[in-house]
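Trainee: The primary structure of each chain is shown beneath.
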Amino acid sequence: MPGSARSGRKTPGAGAPPPLTGTAAGAGETGAPTRTGHHNAPIRSPDRCNGPVTAPPDDCLARNEWICGAYLSTRRQVLFDAVVQHLQLTFLSVLIGLIIALPLAVLARRWRWVAGPVLAGTTILYTIPSLAMFSLLLPLYGLSAGLVVAGLVLYSLTLLVRNLLAGLRAVPEETRQAARGLGHGPVRLLLTVELPLALPAAMAGLRIATVSAVSLVTVGAIVGFGGLGNLIYSGMNTYFKAQVLTASVLCVLIAVAADLLLLGVQRLITPWARADRA
Amino acid sequence: MSTLAASWDWLTDPAHWPGEDGIRHRLLQHLVLTVVCLLLSCLIALPVALVLGHLGKGGALAVNISNVGRAVPTFAVLVLLLLTPVGRWGEGPTVVALVLFAVPPLLTNAYVGMREVDRGVVQAARGMGMTGRQLLFRVELPLSLPLLLNGVRIAAVQLVATATIAALAGGGGLGRIITAGFNLASTPMVVAGALLVAVFALLVEAAFEVAERLAPKWARGGR
Numbered sequence: 001m002p003g004s005a006r007s008g009r010k011t012p013g014a015g016a017p018p019p020l021t022g023t024a025a026g027a028g029e030t031g032a033p034t035r036t037g038h039h040n041a042p043i044r045s046p047d048r049c050n051g052p053v054t055a056p057p058d059d060c061l062a063r064n065e066w067i068c069g070a071y072l073s074t075r076r077q078v079l080f081d082a083v084v085q086h087l088q089l090t091f092l093s094v095l096i097g098l099i100i101a102l103p104l105a106v107l108a109r110r111w112r113w114v115a116g117p118v119l120a121g122t123t124i125l126y127t128i129p130s131l132a133m134f135s136l137l138l139p140l141y142g143l144s145a146g147l148v149v150a151g152l153v154l155y156s157l158t159l160l161v162r163n164l165l166a167g168l169r170a171v172p173e174e175t176r177q178a179a180r181g182l183g184h185g186p187v188r189l190l191l192t193v194e195l196p197l198a199l200p201a202a203m204a205g206l207r208i209a210t211v212s213a214v215s216l217v218t219v220g221a222i223v224g225f226g227g228l229g230n231l232i233y234s235g236m237n238t239y240f241k242a243q244v245l246t247a248s249v250l251c252v253l254i255a256v257a258a259d260l261l262l263l264g265v266q267r268l269i270t271p272w273a274r275a276d277r278a
Numbered sequence: 279m280s281t282l283a284a285s286w287d288w289l290t291d292p293a294h295w296p297g298e299d300g301i302r303h304r305l306l307q308h309l310v311l312t313v314v315c316l317l318l319s320c321l322i323a324l325p326v327a328l329v330l331g332h333l334g335k336g337g338a339l340a341v342n343i344s345n346v347g348r349a350v351p352t353f354a355v356l357v358l359l360l361l362t363p364v365g366r367w368g369e370g371p372t373v374v375a376l377v378l379f380a381v382p383p384l385l386t387n388a389y390v391g392m393r394e395v396d397r398g399v400v401q402a403a404r405g406m407g408m409t410g411r412q413l414l415f416r417v418e419l420p421l422s423l424p425l426l427l428n429g430v431r432i433a434a435v436q437l438v439a440t441a442t443i444a445a446l447a448g449g450g451g452l453g454r455i456i457t458a459g460f461n462l463a464s465t466p467m468v469v470a471g472a473l474l475v476a477v478f479a480l481l482v483e484a485a486f487e488v489a490e491r492l493a494p495k496w497a498r499g500g501r
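So the sequences go chain by chain: E and W. Residue numbering for the first sequence follows my numbering, beginning at 1 and increasing consecutively. Residue numbering for the second sequence follows my numbering, beginning at 279 and increasing consecutively.
Some clues are possibly wrong.
[As the list claims (entries may be wrong)] On the chain E side, residues computed to face chain W include the following (Cβ under 10 Å):
#1 C60
#2 L79
#3 F80
#4 V84
#5 L87
#6 L119
#7 T127
#8 M133
#9 L182
#10 H184
#11 L216
#12 V217
#13 I232
#14 S248
[Stated by the list, open to error] Coverage of chain E stretches by chain W, computed from C-beta distances (three or more under 8 Å per stretch; other residues unrestricted):
#15 94-108
#16 186-192
#17 259-265
The hints are simulated quantities; they were obtained by calculation from the structure and are not laboratory data. Where is the CB? At the ideal position from N, CA and C, for every residue including glycine.
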């Protein structure tokens, strides 16, 4: 066992070798530690070699620069696939989290004794670090996208339940009584009064959950389903600076875009809150 | 169930405890990283937050820095640091990344705590002739302590999580057992490492919970 645990970081002696001797090398495994076993993050190298490469071309890829336009143009497809996977994983996990969180929050609001265990459970889930969470799910899901989604669902669930519950609890008692006085039954009260009033808090939770999920997807690279995280991981193993920086920036951009999108949705579906502020 | 049993066997195997890659060393590394980085980030964040909160300036920065911290992937920062010159000194990237991710919750909570001190109390203290310094240390700091300590708690949990991910980028700590398990295709080892990390994180959280219960009432915020 000793010695085998050394993954990731390379000895300084390996220097920072420019991973590319030609535009064909892609995210190849130049100087990467041999990875054994079932750790197979997909490393895609575009097979576009225009004949034998004699001398390394003097472009930003060969110089291994942080910012590299040639990287963007030659790896467009790889980047696109990674972004799509990133978006799919994020969307799926937040959606499932929302579907589970809603009934949990409503039940916890209705019955006080449910609230304690639900909140305690979500606190415990949220305390467990993401890498450990994914690893604990390994026996259940194996090396699959399902593992990443399941792990992220548990985190989104936590944030959503807490915010939904806070939103539902903030509905003023007088409002509920007024609705009852109008003859609203419990279901109608929930759907037409309580849930709409809890929307701002719920949307705040949804935004936090989505932004966190976008950032946590990258850790999924440990099982090969990390969206842009895969590119960061393979870029780390090959000291490919342009790839790591591009993927990181894209990741932050996705988070910001998702946040703004949800903010827009929130403005649209809660027009009364906007009127309040004006 | 057999995986759990195998993980338990892995954990209880005395051969896995000593040595450079042993559980004991990894546990100690994780603890040292967490404690040292928590102290470092407190030293950086708290004075800034207290001064900003006292002056009532930089509120947008102090509050938004938390949102920024959430949007930036820990893993990406670790790898970016690894590829910069910082990556050459041992645990450099890990320490820098840990501090970077622990500062936002500390800064935000301490700042909000300072601003939420009752303005009437502050004005009364001013009226009594307190100087700015006295006001800060005798009135505002004690009154903002509950939120400030809550920030320390959030930061500590965040540190444990970040220190785990650091293993992906070659840093030390308990996460290395998980990554080594993945490299060896050993599910029991992965699960054993994950259990250690989870228990460690929950113990940190529990320690803060206990400390909060034992603390004097004024430090708890009168809840």
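Trainee: Could you run down the list of hints and mark each one as holding or not?
Mentor: Verification of the supplied hints:
| no. | hint | result |
| --- | --- | --- |
| 1 | C60 | violated, 15 Å |
| 2 | L79 | violated, 14 Å |
| 3 | F80 | violated, 19 Å |
| 4 | V84 | violated, 17 Å |
| 5 | L87 | violated, 15 Å |
| 6 | L119 | violated, 13 Å |
| 7 | T127 | holds, 5 Å |
| 8 | M133 | holds, 8 Å |
| 9 | L182 | violated, 36 Å |
| 10 | H184 | violated, 34 Å |
| 11 | L216 | holds, 7 Å |
| 12 | V217 | holds, 8 Å |
| 13 | I232 | holds, 5 Å |
| 14 | S248 | holds, 4 Å |
| 15 | 94-108 | violated (count 0) |
| 16 | 186-192 | violated (count 0) |
| 17 | 259-265 | violated (count 1) |
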